[in-house]
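Asker: Using the sequences provided together with the hints, build the complete structure.
Here the protein sequences line up with chains W and X, keeping their order. Here the first sequence stands for residues 1 to 66, where the numbers follow the numbering used here. Here the second sequence stands for residues 67 to 470, where the numbers follow the numbering used here.
Bear in mind the hints are in silico, worked out from the structure with no lab data behind them. Treat the numbers as computed from the prediction; the structure is a model and nothing was measured. Some hints here could point you the wrong way.
Covered by chain X, per the in silico footprint, the following chain W stretches (three or more residues, Cβ under 8 Å) [as the list claims (entries may be wrong)]: (1) 1-14; (2) 22-33; (3) 49-60.
Here are the simulated distance ranges between beta carbons [stated by the list, open to error]: (4) GLU37/W <-> ARG92/X: 43 to 49 Å; (5) PRO21/W <-> ALA329/X: 28 to 34 Å; (6) GLU117/X <-> THR46/W: 21 to 27 Å; (7) GLU37/W <-> PRO406/X: 16 to 22 Å; (8) ARG257/X <-> PRO21/W: 42 to 48 Å; (9) ALA85/X <-> LEU62/W: 33 to 39 Å; (10) LEU74/X <-> LEU36/W: 43 to 49 Å.
If you want the ones that stay clear, here's a sample from chain X, every Cβ over 12 Å from chain W, calculated [stated by the list, open to error]: (11) ASP108; (12) GLY202; (13) HIS256; (14) PRO375; (15) GLU391; (16) VAL460.
Beta carbons are placed, not taken as given, at the ideal position from N, Cα and C, and that holds for glycine.
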Amino acid sequence: MKITVDEEKCCGAGQCVLIAPEVFDQREEDGIVLLLEAEPAESEETDVREAAAVCPAGAIHLAEGG
Amino acid sequence: MSQHEQTLRYPLPQEDALAAPAEWERLRSECPVAAVELPSGDEAALLTRHEHVKQLLSDPRFVRPTSADGAARVAPGGVGGAAATGDSTAVPDRGEEHQKWRRMVGKWFTARRMSALRPSIAEIAETLIDDMVGQGKPADLKAALGFPLPVYVICDMLGVPAEDRARFSHWSDAMLSLTRFSQDEIDTAHREFVAYMGDHIAAKRAAPADDILSMLITESAEEGAGLTDSALLGTGMGLLVAGHETTANMIGKMVAMLLADRARWERLVADPSLVRTTVEESLRFDANLGFGMRRYVSEDVEVGGEVLPAGTTAICSMQAANRDEAVFAGADDMDLGRSPNPHLAFGAGPHSCLGQALARTELQVTLEVLARRLPSLELAVPVSELRRVEEMLVGGLREVPVRW
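Answerer: Dropping the structure here:
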């Protein structure tokens, strides 16, 4: 799985950080998403899918496989 | 908007305090963009499908109406607090200025920062539950726990001392009111709040401390033009109005929904790891979220194949969208383990709730502590006797009588 985030769209809700704190964080200066792991461990994939599905800005994109 | 549809009165009637109006399903399937008449007599377009509500809320062109827009008013004669009329906030609500403000304030509300508040929120919850238990059963869980907890947390964030918490609760209540308080009481509350915050902001400018106002003062000054007193006041007011009544009511409704079918509560008590998804499902399942989010449609926009003409006031019903079967399988069942749960209780897009990480943290901690402390909790009245708050923009229950 490969993750990309859209910083322009991000609204800083922090849902992704609450769900998958190993993969996502928020920038100190403005709360915008910070991707810690673009290719997360398999054990994280369920949480990452949930984070992408519930992102209120639709700012997390996943490329499955590979 | 379909011309053959008779104009509905909005808000729609709800028979039971917790149940969804039967009308939602018909609207979603037959008339997803419906003409409605607001209590003011003005007309608006009601959106009930998840897809449409999300689309309009996410559209950066459209924001909450102010009286300057000439948009539909909620209440007759423009009465109501600032939250109803949309006036008297000095926070920029659109464009680059809004984005700048939002990012500046938003950094305070990061998920990690809110998670760091867990111990202090848990302590507040423990103390309030101690007091409730000490006063004996039955108790009103909303008054004992739901109402005070978020205002204590906001006061802490603003650096407001504990002895002023009760005044803050009242101001917040009055500023959100539609009809419960007289215009005089609303104006007085607003005036007192403005005066109090003026002194408070001056004190923070003189001696910055570890609170959000001090952070905004210091950091906005470092970036050049510092935030004005009125922007700081608007921020403080926004936090109170947005963060108090909403969370207070949600605590009450969440517990009531879980106890209404006690198997839900028992499931949670047996498996506290369900707290996070239970909070999300409570937010989704809440049929009494409030008035809905208004959007002033400033230019023509297509929604579900229909054009909403410029000048329309749209009401985005997040609660109806949250029961949309197209997105949520078994939408009318409360499933504590539901995942993912892309509900719209906090809105969507660039104006989605700034404080949602705080709200989630407060709800999660409250539920954790409550389930641990009072596993025998139950409603002290039949569900049919729960009464809704009728006069506020934010939906809630008047009381949540419980015993344990």
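Asker: Now tell me, hint by hint, if it's right for this structure.
Answerer: Going through the hints against the structure:
Requiring three or more residues with a Cβ within less than 8 Å of a Cβ of chain X, the coverage given for the stretch 1-14 of chain W holds, as 4 such residues are present. For a cut-off of 8 Å, the count of residues in the stretch 22-33 of chain W with a CB near a CB of chain X stands at 8, and the three-residue condition holds. A stretch counts as covered by a chain when three or more of its residues have a beta carbon under 8 Å from one of that chain; for the stretch 49-60 of chain W and chain X the count is 7, and the coverage holds. Between GLU37/W and ARG92/X the C-beta distance comes to about 46 Å, which sits within the given range of 43 to 49 Å.
In this structure, PRO21/W and ALA329/X meet the distance hint of 28 to 34 Å, their C-beta atoms being roughly 31 Å apart. Take GLU117/X and THR46/W: their Cβ atoms lie about 25 Å apart, and the range 21 to 27 Å holds. The hint said 16 to 22 Å for the Cβ distance between GLU37/W and PRO406/X, and at roughly 19 Å that hint holds. Between ARG257/X and PRO21/W, the C-beta spacing of about 44 Å keeps the proposed range 42 to 48 Å intact.
One distance hint, 33 to 39 Å for the beta-carbon pair ALA85/X and LEU62/W, holds here, with the actual separation near 37 Å. The hint said 43 to 49 Å for the Cβ distance between LEU74/X and LEU36/W, and at roughly 48 Å that hint holds. Non-interface status of ASP108/X relative to chain W is upheld: no Cβ of that chain comes within 12 Å, the nearest being about 29 Å off. In this structure GLY202/X is separated from chain W by more than 12 Å, as the shortest Cβ-Cβ distance comes to about 36 Å.
Non-interface status of HIS256/X relative to chain W is upheld: no Cβ of that chain comes within 12 Å, the nearest being about 29 Å off. With a least CB separation of 27 Å from chain W, PRO375/X remains clear of the 12 Å interface cut-off, as annotated. Chain W leaves GLU391/X outside its interface by the beta-carbon criterion, the shortest separation being 17 Å against a cut-off of 12 Å. Even its closest Cβ contact with chain W, about 19 Å, leaves VAL460/X beyond 12 Å, as expected for a residue assigned away from the interface.
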